[in-house]
Amino acid sequence: MLKTILRRTGKFAAIAAAGLVMSAQAAEPIKIGSFLSVTGPASFLGDPELKTLEMYVEKINEEGGVLGRQLELIHYDDVGNASNARNFASRLIRSDRVDIIVGGSTTGATMAAVPLVEQAKIPFISLAGAVVITTPVKEWVFKTPQSDRMAAERILTDMKDRGITKIGLISGTGGFGSSGRTQTLEVAEKMGIEVLADVTYSGSDTDMTAQLTNIRNTDGVEAVLNFGFGQGPAIVTRNYDQLGMELPFYQSHGVASDSFLELAGDSAEGLRLPASPLLVPDSLPDDDPQKKVVQDYKAEYEARWDSKVSTFGAYAYDGLMLAVQAIEAAGSTDKEAVREALENIQGYVGVTGVFNMSPEDHNGLDADSFRILEVQNGEWKLIN
Amino acid sequence: MLNRFMQMRLRDLIILAVILFALPLFLNNPFHYDLATQMAIIAATVVGLNLLVGFAGQISLGHAGFFGLGAYFTGIMTSNYGWSSVPALVVGAILVGIVAWIVGRPILRLKGHYLSMATLAVGFIIAIILNNERALTGGPDGMPVPAFTVFGWELSPFGSYNLLGMELNGSEAWYLFAAVVLLVAVWLAQNLIDSPIGRALRSVHGSEVAARVVGVDTARYKSLVFVVSAIYASAMGSLYAHFQGFITPAVAGFDFSILFITMVVLGGMGSTMGVILGAVVLKLLPQVLADFQELETVMFGAILMLTMIFMPKGLLPTIQTAVGKRMKKKAGGQA
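In order, the protein sequence lines correspond to chains L and H. So the first sequence is numbered by full-length UniProt numbering: it starts at 1 and just counts up by one. So the second sequence is numbered by full-length UniProt numbering: it starts at 1 and just counts up by one.
In short, the hints are calculated from the structure, not lab data. Please read these numbers as outputs of a predicted model, since none were measured by experiment.
Some, not all, of what chain H presents toward chain L, calculated at C-beta under 8 Å:
1) N132
2) R134
3) G139
4) F158
5) Q244
6) G245
7) A250
Calculated lysine-lysine pairs in the DSS-like style (CA-CA distance at most 30 Å, straight line):
8) K291(L) <-> K160(L)
9) K292(L) <-> K308(L)
10) K51(L) <-> K291(L)
11) K283(H) <-> K31(L)
12) K138(L) <-> K121(L)
13) K283(H) <-> K51(L)
14) K138(L) <-> K190(L)
15) K283(H) <-> K121(L)
16) K31(L) <-> K308(L)
Beta carbons are placed, not taken as given, at the ideal position from N, Cα and C, and that holds for glycine.
Whenever a hint applies, use it, and build me the whole structure from the sequences.
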């Protein structure tokens, strides 16, 4: 009788002990929350971003996770709608209780979530471009893409290097184009470049000959810059060629993709734009620290998804890696510690650029992370 | 007793109040309150739209335009000009009412598809203006809106409050506020429906010619109800802006207009409780389906289609008829 009791107690103790050990091993996963515009009008942003996040979360988990814990990706599709984005951010923070958020494909979606994030005090790495996201600096908000202001700086610097001081500006009226226009006008004034002509087109316009003729007829214009997104810039490029305009022509980083080359065809010959090194991984000089990261990302992405890599996916790559690095540096998922670690990341070599965060700069990139490319024989050519 | 209750004029309102105030028992985190608050605000908007669609039989595909105007008027006035929330809401609603009256007079002469097209255009124009007036509205990237304030007292989703000795956090406080707003909206709508104006509107719905023959000034009543529903939308837009804390021109967009009208049709045109149910279902579905990822949109569409095929009168009226039939059968069996 006593024996049986003893044996049973022993068994029970063994099971209980095993249970304890098990629960210690299978530590809670680190929850990474994300809301992206995977479908809808901004799906060209959200789709590669989600693919990148999924793929690298998988990869990190196979390699043993972060701090010995697995990563768990919880993501929602905001369909490019800011109020959905806000709701999903709320769900991530309050219901799923994630440790960090990496997401927000568009500026609107990001900004809609910012008040919540700031209030809930949870680190948030945005994947959207506009300068307002991190200027003025918001305590809990970081972002990985360069701002449109840097693109403007990079373009205008390149123009200055070529001795151009008077330009014509044509921009789209969408979010990207109009924000880019404002930044260009500000930077131009600072750098002493005169914007002699300033015309716009709307997203659904199918012919921009009138606007371009206006620029051509403006005396003294030495170069033309088009800030826009989607198919507008491709039409501008074609019209530019049809009008036989010979002035140096610049596009923004908004069209820095291979599909733009297909849309614009031969007429893109000779135009320049600032872009991520991801477009020209193999022509980067060997001493460029980004070369290996960029080549690896491109190879891994294309092998896994069987589709072309895009710069937008790279924003998500950098966002995830920054998050991982910060959690490792903080040694825990304590939100304040992770936030501080994020703020102090120095010299992280990403696909988009080399990040040097600081309490005053939650983007951490400078204009040099853009490379100036020129279209030569239908291909991107690295200029500097 | 039960029968008498079922025939009371305020029956629906009482049922709704009981549901609204019992709901917090089932909500267990701020995110749920968040959703419930949005549902209440949207439901109140749809109750207003239902006056136009369900009772007067006029279609508006541009109602988000008025909603967005209200939201932006509030946003601009409270953040740039330091107005308090209530005057911004009221002045915004009055201005939107005037806009609705001006555009309503001519376009309500149109019928059927033409009327839909005209209201659609009004919505589009408003959205385009909000998109392009960057200096005022922040353009496509949107603008932040401060918390709701009354005489220096602030209702923020992030604050904490004390109501009759109960500790409330901001989300709960907002929910109670939105619930009361919804009740008031329903009460006003019910009163309007039961008034001579409501009867006139239903006659317009039935047959405009017949209504005119018996002396109803159809043009006047049609624009009146258009204005009323626009004011509903504007006021709720203002609250929505305060609650969200950030608005983009999407609140005035086509998608949002379609969502509103779908809520009315799905819930049951002409049934105030029905359209509230429609709003709840359509706000809830995306959250429930979010876990299905790629299938989300397909399932959303399938659910809408099946409902419209098998319940063409809308959710609530169909359920009510079914329940009514069964009750009659039971009563018949006993007798």
